[in-house]
Amino acid sequence: MTRDRVRVLCLSVAIGLVFVLAWQAFAGSRPPGKGLPGPLAVGATAWQMLAHPFYDHGPNDKGIGLQLGASLGRLALGYLAASAAAVMLGVALGLSPLLYRAINPYIQVLKPVSPLAWMPLFLYTIKDSGQSAILVIFMSSLWPTLANTAFGVASIKRDYLNVASILQLSWPRRLVTVILPAAAPAIVAGLRISVGSAWVAIVAAEMLIGGTGIGYFVWNEWNNLALTSVIFAILAIGLIGVLLDAGLARLSRRLAYTE
Amino acid sequence: MAFLEIDHVTKHFPSHDGPGEVCVFREVAFSIAQGEFVTMVGHSGCGKSTLLNIIAGLERASGGGVVLEGREITQPGIDRMVVFQNFSLMPWMTVFENVRLAVRAAYPSWDRRRIAAHVQRYVEMVGLAGAERKRPAALSGGMRQRVGLARAFSTAPKVLLLDEPFAQIDALTRGLIQDELIRMWTAGRNTVFMVTHDVDEAILLSDRIALMTRGPEARLAEIVDVDIPRPRLRAALIEDPDYLRLRAHILRFLVEGTRAAAGDGHGAPATAPLAATPR
Amino acid sequence: MNEGNWDTSTLRERAAERAIERAVFGGELGRRAFLTAVGATTAAAALASVFPMAAAKAIAQDRPGPPEKRDLKIGFIPITCATPIIMAEPMGFYRKQGLNVQVLKASSWAMIRDISINGETDATHMLSPMPLAITLGVGSQSVPYVMPAVENINGQAITLATKHKGVKTAADMKGFKFGVPFDYSMHNFLLRYFLAEGGVDPDRDVQIRAVPPPEMVANLRANNLDGYLAPDPFNQRAVFEEVGFIFLLSKDIWPGHPCCAFAARRELMDKMPNTFQATLNAILDATQYAHDQAHRKEIAAAIAPKNFLNQPVEVVEQVLTGVFPDGLGNTRTVPDRIDFDPFPYHSMAIWILTQMKRWGYLKADVSYRKVAEEVFLATGTARSMRALGQKPPEASSVKHAFAVGKTRVFDPDKPDDYLKSFTIRRT
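Protein chains in written order, with the numbering used here: chain C, 1 to 259; chain P, 260 to 538; chain R, 539 to 965.
Calculated from the structure, these hints are not laboratory results. Keep in mind the model is a prediction, meaning the values are calculated, not measured. Keep in mind that the hints are not guaranteed to be accurate.
Stated by the list, open to error - What follows is a list of derived Cβ distance ranges for each label pair:
id: 1; chain 1: C; residue 1: A117; chain 2: R; residue 2: E780; range: 35 to 41 Å
id: 2; chain 1: R; residue 1: G630; chain 2: C; residue 2: A117; range: 39 to 45 Å
id: 3; chain 1: C; residue 1: S170; chain 2: P; residue 2: H271; range: 28 to 34 Å
id: 4; chain 1: C; residue 1: V8; chain 2: P; residue 2: P367; range: 25 to 31 Å
As the list claims (entries may be wrong) - With a straight-line cut-off of 30 Å between C-alpha atoms, the simulated DSBU-like cross-links for lysine-lysine are:
id: 5; chain 1: R; residue 1: K611; chain 2: C; residue 2: K127
id: 6; chain 1: C; residue 1: K127; chain 2: R; residue 2: K844
id: 7; chain 1: P; residue 1: K417; chain 2: C; residue 2: K157
id: 8; chain 1: R; residue 1: K712; chain 2: R; residue 2: K908
Note that the Cβ used here is the ideal one computed from N, Cα and C, for glycine as well.
Taking the hints into account, I'd like the entire structure generated from these sequences.
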């Protein structure tokens with residue numbers, strides 16, 4: 001490891017330690033059972049939960065592994081569907097300035113709507129809470145990827161498109177060999193933002209819907225005012241978010257190019 | 260019927276300041292025989308790159324048209340490959356992949372092995388053996404343009420269009436690549452139309468040189484033959500009286516054009532066209 | 539009509555038909571008059587269009603046939619009102635009827651409503667007014683519901699934040715922000731009744747908001763609410779967390795008031811009468827078991843864990859046994875703090891309907907009695923209770939005595955007068 005990396009790591013760990021100690025001091029000063037639990041209490045709960053992550057006591061009580069798995073499953077379905085749709089539509093908009101300008105106002109209106117606000121509408125029309133949750137994910141993963149793809153495709157240098165025209169590449173070939181690779185850095189940037197907002201949305205949606213999922217887990221533990229579990233769940237959610245983002249960061253590095 | 264006919268091509272652009280249009284060039288007419296190497300020289304703003312784009316099919320003429328082997332050109336096509344001033348290589352592809360993109364497009368029925376062999380041949384032909392896996396960002400300007408040449412020649416195009424291909428390459432490397440170009444052209448016997456502002460380069464490489472007046476409203480002033488026999492060696496050329504005379508004529512044309520432009524603004528050459536000099 | 543030649547089964551069916559006809563037409567005389575006027579076939583057709591005769595006849599049999607569907611999902615909200623529904627799973631009451639039931643925890647009453655309407659649950663825990671509201675299409679799409687059993691009576695309380703310890707009467711509560719679980723709930727109606735009787739206008743002098751019960755304690759602590767009329771265990775939990783105190787038990791507003799209900803889409807009853815009956819029997823069994831004080835501790839232990847109420851077991855015990863600290867330093871003993879009596883009196887439904895009209899939730903004019911009888915299945919349930927060896931009340935409609943207020947007695951035969959007797963109302 002380079003000297004620089006070591007320094008960064010040390011500083012990071014130091015900040016973390018300071019925070020944990022302050023937290024413990026603050027929480028430890030209150031009587032146990034009341035107020036915010038400290039890191040030791042959270043650690044004890046974490047240990048318990050991680051020891052049996054896949055237990056199943058019926059639909060309302062499952063291990064943390066199963067809960068996270070359920071959430072990630074929903075995330076995968078909604079996110080992948082949204083990404084596919086966003087890339088396709090984004091390419092179309094990027095290639096056609098006319099289409100882009102015509103459709104853009106609608107996008108601007110729909111974009112700021114919180115994905116959770118769509119939930120009642122979905123529940124009412126689709127009549128299935130599981131599918132509604134997936135659609136909420138879909139709505140929250142759509143916009144960043146769409147915007148970035150359209151921008152990335154619209155910014156492709158004329159030269160590359162000219163070469164594609166001269167070579168008389170068929171549209172599918174043009175898409176795969178020229179357009180998508182050229183716009184790839186922008187597309188992946190959009191995907192990274194989208195996965196973040198999708199993960200945020202799934203937790204919130206599950207709090208409303210119930211069933212199995214980390215959001216439902218948080219809500220259930222909150223019912224019982226079991227704050228150690230809630231904090232542990234928050235840390236788990238954050239960790240998964242980091243992993244998702246890191247995965248896409250890797251993809252981003254592979255698809256980057258210098259002009 | 261000529262192989263490639265530029266038939267009274269006119270080009271207008273919408274004007275930047277104020278309404279109406281600006282005429283870049285008007286009624287440019289000449290033809291190119293198969294296998295000929297023709298260069299166009301002129302001031303900046305005379306629209307020579309625009310004319311090249313029209314021949315390539317990347318732009319449309321406002322008046323007149325371009326006819327290749329009896330058929331009018333309206334779209335870009337692989338029969339008219341272009342070598343760009345700024346190389347236009349796909350930066351996410353390696354050298355090999357860049358050339359292969361063209362070969363695959365030119366020979367869709369070939370299998371992978373045959374395509375790979377063909378690509379390899381041209382990569383070696385431009386002297387880039389060993390650099391196949393590099394991406395353009397890792398190459399110098401000269402090397403990148405060699406890839407451009409390899410890409411263009413590998414498709415055996417009917418017409419090769421070169422748009423100031425060596426303008427961005429340093430003087431020392433330029434000579435080497437010009438030789439590369441001649442070598443490949445001699446082997447491939449393609450028809451070439453090149454645009455350049457380098458007079459020496461024009462004389463060195465071409466069979467004929469078309470001279471454009473200054474824009475706007477540029478016109479084709481004259482076309483001079485370059486009767487110097489090939490192969491043309493740079494060292495010998497410097498002493499050659501035909502070369503010197505031709506060079507002087509063209510430079511005078513360009514200079515007069517500047518002076519004339521400063522005067523009456525029309526850019527009509529004051530010099531008389533150079534008659535073919537008997538040997 | 540030689541009844542002597544018919545078998546027991548047919549006799550029972552005929553008895554059921556006649557009972558229903560009598561109920562609809564108000565007595566034997568009315569029934570005979572109707573039959574004479576239109577003829578037996580027409581009468582049967584007319585009745586069948588508003589009453590599920592097939593199901594009623596099935597109910598009339600002692601034992602239902604094998605259930606059409608054994609694997610059921612029943613929705614619930616994690617509050618002590620749903621005790622019979624919840625306990626029937628771990629304590630085997632569903633299994634005894636040959637059913638394999640999964641109880642699904644929902645996060646809010648809106649979810650309970652939606653997953654019931656769309657079929658994700660077969661039957662469900664609901665607030666007593668909800669089946670009425672949904673059948674009438676008030677506050678949701680109009681889907682016919684039936685409510686054969688009341689889950690619990692009493693079992694709620696008005697809890698106030700600890701800082702309001704000095705409050706003694708309704709008048710002291712002007713300007714408060716109150717939480718109730720849902721608009722169409724006994725909690726909302728009881729709170730409004732209590733405030734109005736104290737001279738406080740619930741729409742103008744205070745704010746009443748719908749808050750899911752599990753969020754109430756947190757909201758109280760965060761000063762978002764001054765108090766709430768909520769189901770337990772959230773009243774007791776507020777005391778446990780030292781953020782509130784119990785101001786008034788709901789049984790001290792209307793002793794024996796219905797609270798939550800066991801309800802299902804009418805479709806279930808019509809299409810799968812055996813399943814419906816079996817589920818109802820399980821609920822009635824469980825309700826009776828819960829009614830017995832001796833069993834309350836055992837039940838508390840069964841329903842407290844994570845997959846059911848997810849509350850500390852002491853809190854649940856305090857609610858069910860009625861021995862509890864009230865947050866003001868006293869320990870009280872109120873054995874019927876919560877009680878379990880399944881009988882869905884029509885008069886209860888009529889009271890709810892008058893209150894819905896009173897506060898403007900229900901705008902159309904309806905026949906209180908007709909809707910009550912369609913939804914609150916007093917007749918059918920009485921039949922089922924008898925078959926299980928339980929003792930249903932004689933009448934399906936009684937006068938109800940309130941502990942608070944000017945109009946102390948509610949007479950279900952005079953709903954319009956009752957409505958007009960209130961000074962504070964919206965209609």
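Going through the hints against the structure:
1. A117/C / E780/R: 35 to 41 Å: Check passed, 36 Å falls within 35 to 41 Å.
2. G630/R / A117/C: 39 to 45 Å: holds, 43 Å
3. S170/C / H271/P: 28 to 34 Å: About 33 Å separates the Cβ atoms of S170/C and H271/P, which means 28 to 34 Å holds.
4. V8/C / P367/P: 25 to 31 Å: violated, 52 Å
5. K611/R / K127/C: holds, 16 Å
6. K127/C / K844/R: Cα-Cα ~27 Å, so holds.
7. K417/P / K157/C: Between K417/P and K157/C the Cα gap is close to 26 Å, so the pair holds against 30 Å.
8. K712/R / K908/R: The given pair, whose Cα atoms are some 37 Å apart, is violated under the 30 Å limit.
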